[in-house]
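Student: Chain residues, written in single-letter form:
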Amino acid sequence: MSKDGSSFFFPTLLSDAVKWAQKNSLWPMTFGTSCCGIEMMSTISSTYDLARFGAEVVRFSPRQADMLIVAGTITTKMAPVLRTIYDQMLEPKWVIAMGACSSSGGIFDTYSVLQGIDEIMPVDVYVPGCPPIPEGLIHAVMHLQNKIDNRIERMPAERPTPEDAMNAMTYRKDLYQIKADFTITPEYVKEQEAKREQKV
Amino acid sequence: MITRTNTFSPGAKFIETQGKVTARLTEKYGQDRKVELDKLEEPIIWAKNPADAKLLLKSFMIDPHLKVDYLSDVTAYDNEDKEDGDKRFVLVYNVTSIELHTRIRIKTLIDIDQEAMTISDVFKAANWLEREVFDMYGIKFQGHPNLRRIMMDERFTGFPLRKEYPIKRREPFSNNIPFHLGANPLKVDTHVTENGDKK
Amino acid sequence: MSINTKDEGLTDLYNPNVLINIGPAHPATHGTLRVMCRVNGETIEDAACEIGYLHRGIEKLGEDKTYHQWMVYTDRLNYCSALNNNITYAMTVENLFNLSVTERCMWIRTICMELSRIIDHIVCVAANALDIGAMTAFFYLIHWREEAYTMIESMCGMRLTTTYARIGGMSYDLPDNFTERLWKFCEEFPKTIDEIEGLLNSNRIWIDRTKNVGIISKADALQYSITGPSLRASGIDMDLRRDRPYYFYPDLDFDVVVGSNGDVYERYLVRMEEMRQSVRILKQCNKRIPSGPLWVEDKRVRIPDKIDVYTKMEVLIHHFKIFMEGIDVPKGECFTATEGPNGEIGFYIVSRGGPKAWRMRVKSPSFMMFQAFEATIKGGKIPDVIAHLGSVNIIAGELDR
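Protein chains in written order, with this note's numbering: chain A, 45 to 244; chain B, 52 to 250; chain C, 533 to 933.
Hints are supplied without guarantee of correctness; some may be wrong.
[To be verified] Partial pick of chain B residues on the chain C-facing surface, computed with a CB cut under 7 Å:
1) Leu88
2) Lys90
3) Ile201
4) Thr208
5) Leu212
6) Ile218
7) Glu222
8) Leu232
9) Leu237
[As the list claims (entries may be wrong)] What follows is a set of in silico ranges between Cβ atoms, one per label pair, in the way DEER data are often shown:
10) B/Arg199 / C/Val550: 43 to 51 Å
11) C/Pro862 / B/Gln193: 30 to 38 Å
12) B/Ile113 / A/Glu231: 51 to 59 Å
13) A/Tyr92 / B/Asn100: 52 to 60 Å
14) C/Asn709 / B/Ile149: 49 to 57 Å
15) A/Asn194 / B/Arg206: 43 to 51 Å
FYI, nobody ran anything at the bench for these hints, they're computed from the structure. The beta-carbon is built from N, C-alpha and C at its ideal position, and this holds for glycine as well.
Sequences and hints are given; from them, build the entire structure.
Tutor: Put into structure tokens, the structure is as follows:
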């Protein structure tokens, strides 16, 4: 015991024990949308067993899970659903963005695809690949385990508020103004092009 | 050695039937409509207007030489450079015959504010296909039971597959679409009358 | 004891207006689709399906990317059988050129198509069994999908999203010991089909869960334009490999499996038998692959071999032009469809000349199937929805494109 009465031996061991328990029993909430979902299924089945790492209980309820694996393309129609699921998870929670589409939009830079889920939620581990092979996902889970255990410097991410998320999603607002009852006509396109020429 | 010019197996039976179908098409329906062949020697018939396309479709179904009974696809493409005609869009219907294994394509020009006739009373599969054409191009179908957006969010503005729509213009929404049972929900059969007695 | 429904507010017991939303994120492992139901007790009275949660704008990208660049997106359509989509797309563009590939290429493509049929049916049956509760079938079958993945990886380097076919040929030739590995696969795989059939075919629980559930009648199947195993399970005998044959299918000996009832059980049986027929086709193909050139010698599409690119100047320029500018496709249009594992997958390409397509349309079988699904779940119960959804193999990538 130190002079002011705080016991500096016992709490350290308890927090280590808590981290050990957390990292070895990460229950995944698999949010598989497209091709990465199939590779996630392969990871969870017998050849590349993810249950070895504690991710045995794949229950599809966010309330019972502590790790969200977002596998697949997230479109702007699906983004609010994903955010709702993330909000329903209880603390502590971690997010793995599996694949190129959920990390950054991937090969789809189109009118309906969210360019990365980090526009709407903080992500802990990004897994590159299209789709990443199961060894890649296992590497990501192990990396997350090291992160939980504080063996890796964890960058403190400021959790975005819903307003931040909405602002981030409107991509390059100066070019594209979103109004109600708005239709693009050829005249509008010419007008916008003229404006852009003027700026340049 | 047999030289092929396309992917089909040479000497297959359906190629002959396809030729007969094309001949019949030109002879009976091709008087004032253009009939051309695509790269695979499949016939394309240009209907005079969208209502004519529906009429053609119905007559193909009755015709004993054509025996059309199956809809493969309803789609459209943008004719912005006016190469296929002087109107904005081209509406394309792909129909097949299961007995004869032949395909026919019906095309029609349609303008930007013109409405096409729905064929969802003839083929139920056209319901969602026409919704998709409406969603992507803005072509309205007269008589369609449920004409609303299918791929994009309902609050989305603009028609993505038109040539002037920029490919990267995104429109996110902060909440999911509300629950609804479609444009024509079935009536609810309540088991309890107004004074609380069981029916 | 009499229940006075008006006073005690027990009218809700008889309220047929309970709304259940089998939402876009749901435990049935079939991608993002939404089934909104109005339920009376447990019977579904009204249902509406919502799609578009995975709409990625692939058709618009077809107008933006060159023909070779767009090959990548075809994998992501039906991602359980990516090889089939690649080959169908390559076939469509080759039809636009009016050229046909070499014999060796045709046989390799047939092997790829049948192999992808096997792995797609594996995923469908395994996921269906998993949703209904038979987890053993899932684990046993996914092992064989991993074996097939190893073979596909030896062919083209990637397990799932292969991008193997090229316009005019294939990207790589078969590896040296491929024939032996394919033999081994064809010998060992039917034993697992036998095991799973022994587990499920006369299983009381499986039959109760799947027989007379999710019936799609013959008339409905025609009206909703469904294709593939679901159409054949409903009793209509249509198979593009036999009726509008392409490549060497008339020389191959296989049976087309047709059911009669159109329920989930029949679709499962049709898929299992189709896997056996695909193994039969693979064995025949394995004996008949000729040696010879892989690429067709047409200057418009031929991607030269690397050894020539590094040593000869004109070949280097030709390679550069193909990849930087794109191949110059002649004007015209073409609709080519093949018998994919899920149904008839077709590509309708309108070309106005030049390296990029004017319109790239994908006709996907899952889209039609989901319409039929929406119409046929009315009157069923909620667990039947899950069984029906699994048997019909809705792949969200294909549904929404």
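Student: Evaluate each hint against the coordinates.
Tutor: Consistency of the hints with the structure:
1. Evaluation of the B/Leu88 hint against chain C yields a violated restraint, the C-beta minimum of about 10 Å exceeding 7 Å.
2. A distance limit of 7 Å between C-beta atoms decides the matter here; for B/Lys90 the minimum to chain C is near 4 Å, and the interface restraint holds.
3. Proximity of B/Ile201 to chain C holds as hinted, the smallest CB-CB distance being about 6 Å (cut-off 7 Å).
4. Of the supplied interface hints, the one on B/Thr208 is violated, with its beta-carbon coming no nearer than about 15 Å to a beta-carbon of chain C, more than 7 Å.
5. Checking B/Leu212 against chain C: minimum C-beta separation of about 6 Å stays under 7 Å; hint holds.
6. For the restraint placing B/Ile218 at the interface with chain C, the shortest Cβ-Cβ distance is roughly 6 Å, inside the 7 Å limit, so the hint holds.
7. Given the 7 Å rule on beta carbons, the hint for B/Glu222 is violated: about 13 Å separates it from the nearest Cβ of chain C.
8. Because the closest C-beta pair between B/Leu232 and chain C is about 5 Å apart, less than 7 Å, the hint holds.
9. Contact between B/Leu237 and chain C, as hinted, is supported at the beta carbon level, the nearest pair being about 4 Å apart and thus within 7 Å.
10. Here the CB-CB span from B/Arg199 to C/Val550 is close to 24 Å, at odds with the stated 43 to 51 Å.
11. Look at C/Pro862 against B/Gln193: about 37 Å separates their beta carbons, and that is inside 30 to 38 Å.
12. Separated by about 46 Å at the C-beta atoms, B/Ile113 and A/Glu231 break the suggested range of 51 to 59 Å.
13. Separated by about 58 Å at the C-beta atoms, A/Tyr92 and B/Asn100 satisfy the suggested range of 52 to 60 Å.
14. Between C/Asn709 and B/Ile149 the C-beta distance comes to about 43 Å, which lies outside the given range of 49 to 57 Å.
15. Checked against the hint of 43 to 51 Å, the C-beta distance between A/Asn194 and B/Arg206 comes to roughly 44 Å, which is consistent with it.
Going down the numbered hints, you'll see the structure goes against 1, 4, 7, 10, 12 and 14, while the others check out.
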